[in-house]
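A.B. asks: Chains as they are written, first to last, in the numbering used here: chain L, 55 to 397; chain X, 55 to 397.
One or more hints might be untrue.
The list cannot tell twin chains apart, which means a pair is met if one copy fits it or any two copies do.
Unchecked claim - Simulated crosslink set (BS3-like; lysine-lysine; CA at most 25 angstroms straight-line): (1) Lys148 - Lys215; (2) Lys273 - Lys354; (3) Lys219 - Lys353; (4) Lys148 - Lys96; (5) Lys273 - Lys353; (6) Lys148 - Lys219; (7) Lys354 - Lys393; (8) Lys354 - Lys219; (9) Lys212 - Lys353.
Keep in mind the hints are simulated off the structure, nothing from the lab.
The structure presented is a predicted model; accordingly, all values stated were derived computationally and were not measured.
2 protein chains.
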Amino acid sequence: MSELKNDLLLRALKGETLSRPPVWMMRQAGRYLPDYIKLRQKYDFFTRVQTPELACEITLQPVDQVGVDAAIIFSDILVIPQAMGMEVLMEEGKGPLLPNVVKTAADIDALQTDAVEERLAYVMNALALTKKELNGRVPLIGFAGAPWTLLCYMIEGKGSKTFDKAKQFCFTQPELAYRLLQKITDVTIVYLKAQAKAGANMVQVFDSWSGMLSPADFKIYAQPYLVQIADAVSPDVPVTLFPKGSWYALGDLSKTSAAGLGLDWSVTPQLARTMTNNSITLQGNFDPSKLLAPIPQIKKEVNEMIDAFGTTRYIANLGHGILPNVPVDHARAFVDAVKEYGS
Amino acid sequence: MSELKNDLLLRALKGETLSRPPVWMMRQAGRYLPDYIKLRQKYDFFTRVQTPELACEITLQPVDQVGVDAAIIFSDILVIPQAMGMEVLMEEGKGPLLPNVVKTAADIDALQTDAVEERLAYVMNALALTKKELNGRVPLIGFAGAPWTLLCYMIEGKGSKTFDKAKQFCFTQPELAYRLLQKITDVTIVYLKAQAKAGANMVQVFDSWSGMLSPADFKIYAQPYLVQIADAVSPDVPVTLFPKGSWYALGDLSKTSAAGLGLDWSVTPQLARTMTNNSITLQGNFDPSKLLAPIPQIKKEVNEMIDAFGTTRYIANLGHGILPNVPVDHARAFVDAVKEYGS
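Using the sequences and the accompanying hints, generate a full structural model.
C.D. replies: Quick look at the structure:
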């Protein structure tokens with residue numbers, strides 16, 4: 055870490071008071087960048103993900119072109135179901151498709167949990183290569199999908215407005231659900247530790263669909279597995295949990311060994327600070343659609359957001375992934391506004 | 055009202071303490087009922103909506119077959135954009151499509167706001183006919199979409215995961231957005247008052263997409279128009295507001311002239327009571343997917359929900375519309391569990 059020229063992200067996670075917060079954007083390596091779209095036209099999704107040189111190139115694009123304070127490795131949360139033996143198809147613009155979903159105990163037993171590091175060696179290679187290419191410019195972030203969110207895809211087979219098939223599976227066969235969630239958790243822990251060894255300076259766990267769960271069901275199907283991951287991985291690398299839509303869990307999650315919590319834009323900074331008792335680094339939570347507003351308005355609202363969160367224990371980010379239709383200069387205005395804060 | 059044999063809904067709205075709460079289900083007249091599906095195979099969507107005899111028949115189905123304590127008129131929130139002159143297509147299983155979206159000031163100026171009662175006479179006729187057919191068995195609920203949610207469809211033209219086009223319109227042309235929201239509000243007030251005159255005992259305003267807005271933007275683009283509607287319509291009939299996903303606004307909305315607030319399942323009863331200072335009737339908030347659980351579990355969780363909300367100022371309901379794949383006996387188990395509460 056000492057070799058990092060810009061370690062704002064890590065200092066924010068440690069709770070240091072900074073003159074301005076670090077900034078990165080979820081999905082910053084992606085569809086709003088013309089250079090990414092060029093690569094997308096040449097290589098299919100899994101070629102981009104599984105070729106370390108391509109993943110590295112894509113990961114560096116927003117560092118070079120938008121000026122973010124951290125790189126996040128270009129990959130996908132569905133590499134875990136894939137490494138566990140499930141077929142995952144990714145059609146451009148259509149979202150993921152898992153043709154053979156988990157239905158039975160035998161399906162769960164058949165999921166592979168061994169040799170995770172070998173199966174996902176391409177991610178670790180991409181991290182190591184990117185770390186080298188970054189040469190200490192900014193920290194490198196690794197990530198994984200949360201067990202609940204991966205269960206959603208493994209049962210449902212695709213995106214859904216309600217994930218009611220996944221929920222039906224849990225509500226009618228909870229013992230099978232726990233077994234599946236535990237298997238995903240075990241694999242994820244090995245995976246995130248390997249990411250740390252390969253050079254990740256922080257890892258983020260994306261629980262993109264946790265907000266589908268009631269507070270009571272979140273405590274059953276999401277929280278215990280997030281806690282296990284945070285406990286197991288935190289000794290190796292700081293862990294940030296992003297339970298999208300689960301504002302109700304912020305208090306509980308602030309008491310785990312996680313170093314950071316991601317917030318969507320439904321929570322005010324004031325409420326998030328109160329719920330977490332000022333005890334954990336918060337990350338977020340600019341409405342991604344607000345990047346479609348005029349630049350002066352973006353800058354004004356970024357300033358208000360930082361005023362409200364403060365510059366201690368805070369990482370500026372969006373409240374969800376950047377939208378494909380955001381002009382690059384609007385993304386840059388967001389990043390610049392954070393960097394210019396207080397000056 | 056005095057002629058109602060079952061006036062539990064109205065007594066709950068007035069704040070009376072009951073031995074058990076009234077129960078109905080959002081989308082109770084719909085796709086999970088075999089008799090509805092039969093009508094759907096014979097008549098297209100707008101024929102069902104615009105033919106009072108059909109709308110009445112569909113409205114009565116859950117009263118007769120599931121035993122709910124209130125009927126809600128079979129209709130759609132998009133009848134308002136339609137009455138304002140926009141083309142609305144409804145393809146079965148595909149969601150709504152508005153081919154000619156609002157883009158400019160001229161588009162807004164061209165929207166019709168006169169003769170609302172005449173244009174939507176079929177809704178008022180359906181209400182009057184249903185009221186007659188109900189013969190006082192249970193109260194009749196009318197409804198409309200909230201201005202923000204209707205703006206979403208009028209700008210975006212269809213459903214969306216993010217409604218970013220609608221938000222971009224608001225963030226880049228706020229004055230046009232306010233003009234459009236006000237026009238929708240004016241029409242909605244006339245429409246809901248006409249529903250009251252035609253026999254609705256309560257009207258509900260569905261802000262299905264308000265949760266897409268940050269708390270600050272909710273106060274700009276949603277709340278003022280909900281407040282106007284509640285203020286204007288409440289003298290005629292009790293108004294329930296359902297701002298899905300906007301748990302953060304419960305405190306503010308509890309101080310309006312609305313008689314009730316709908317809740318989705320992300321809010322615990324305890325928190326909702328605290329945020330609203332026990333001052334308003336709350337309605338909800340069973341996870342619709344939980345109706346896919348085994349019946350004993352449904353009944354257990356319904357009991358826990360009523361224990362938590364209490365039997366004063368509470369209307370049992372789902373936290374969103376009933377899912378098409380819910381077995382009818384599970385829907386009935388939900389309703390029965392409420393009716394058996396405390397016995």
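A.B. asks: Enumerate the violated hints, using their earlier numbering and listing them in ascending order.
C.D. replies: 9
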